[in-house]
Amino acid sequence: MAFRGTFDYSLDAKNRLTIPAKFRASLSEGVVLAKGIEHCMQVWTPAGFEAYTDAALQGVHRLSEQSRKLTRFFSANSFDTELDAAGRVMVPGFLLEHATLRKEVVVTGAGDCLEVWDRAAWADYNAKLSDELPDITAAFGNAG
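Using the numbering used here, the first residue of the sequence shown is number 1, and each one after it goes up by one.
Hints listed in this document are in silico derivations from the structure and should not be mistaken for laboratory results. Positions of the beta carbon are idealized from the N, C-alpha and C atoms, including for glycine. Don't take every hint at face value.
As the list claims (entries may be wrong) - With a straight-line Cα cutoff of 27 Å, these simulated DSS-like cross-link-like pairs (lysine-lysine) come out:
1) Lys35 - Lys69
2) Lys22 - Lys103
3) Lys35 - Lys22
4) Lys103 - Lys14
5) Lys14 - Lys35
6) Lys103 - Lys35
7) Lys14 - Lys128
8) Lys128 - Lys103
What the hints assert, rightly or not - Listed next, with one range per pair, are the computed distances between beta-carbon atoms:
9) Ala86 - Ala120: 22 to 30 Å
10) Ala86 - Ala139: 41 to 49 Å
11) Asp12 - Asp54: 32 to 40 Å
12) Glu65 - Ala21: 40 to 48 Å
13) Glu104 - Gly59: 39 to 47 Å
14) Gln66 - Arg16: 22 to 30 Å
Please model the complete structure; the sequences and the hints are all you need to start from.
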């Protein structure tokens with residue numbers, strides 16, 4: 001399933017995030033919460049996270065320093081969990097801190113995963129991203 005859309009949510013008093021209802025079936029076999037490259041939290045299926053990390057490490061020798069660093073980043077900064085009966089996940093403190101998540105958040109589709117952003121941070125990031133799109137798409141047109 002492709003994860004698409006933007007959804008406004010609030011973390012509850014126990015730092016639980018409600019997953020949008022349309023994605024719960026896809027996450028019923030488990031959830032991986034992980035640090036995003038940007039200051040957001042990612043929500044993956046276990047198989048999706050494995051494919052992502054495998055692709056990131058593809059072609060990098062397993063004993064190289066870069067491989068060890070990436071493996072540590074992915075492993076130490078992810079958390080396996082499950083949806084509760086209400087379709088929520090508990091967000092660990094290290095992910096709240098990384099993504100500067102407070103009460104008001106946005107859950108955004110990112111193709112193969114969901115991302116969770118502080119609502120104000122997302123608004124700023126999305127506005128800048130929109131401004132950068134002409135340059136990004138122009139770069140693809142000039143690629144090899």
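Given a hint of 41 to 49 Å, does the C-beta separation of Ala86 and Ala139 actually sit inside it? 43 Å, holds
Check the following: the C-beta atoms of Glu65 and Ala21 are separated by a distance inside 40 to 48 Å. 43 Å, holds
Run the distance test for Lys128 versus Lys103: straight-line Cα separation, threshold 27 Å. 23 Å, holds
Holds or violated: Lys22 to Lys103, with C-alpha atoms at most 27 Å apart: Given that 27 Å is the threshold and the Cα spacing comes to 22 Å, the pair holds.
Does Lys14 pair with Lys35 here, judged by a C-alpha cut-off of 27 Å? Roughly 20 Å separates the two Cα atoms, so the pair holds.
Hint consistency between Lys35 and Lys22 [alpha-carbon to alpha-carbon, up to 27 Å]: Holds, at about 23 Å.
Below or equal to 27 Å on CA atoms is what counts here, so check Lys35 against Lys69. Holds, because 14 Å separates the two Cα atoms, which is no more than 27 Å.
Is the straight-line distance between the alpha-carbon of Lys14 and that of Lys128 27 Å or less? 32 Å, violated
Does the Cβ-Cβ separation between Asp12 and Asp54 fall within 32 to 40 Å? Given range 32 to 40 Å: holds, Cβ gap about 34 Å.
Status of the given 39 to 47 Å range, CB of Gly59 versus CB of Glu104: Given about 40 Å between the Cβ atoms, the range holds.
Are the Cα positions of Lys103 and Lys35 separated by 27 Å at most? Holds: Lys103 and Lys35 sit about 18 Å apart, inside 27 Å.
Lys103 paired with Lys14 [C-alpha distance capped at 27 Å]: 10 Å, holds
Checked against the numbered hints given earlier, the structure breaks hints 7 and 14 and satisfies all the rest.
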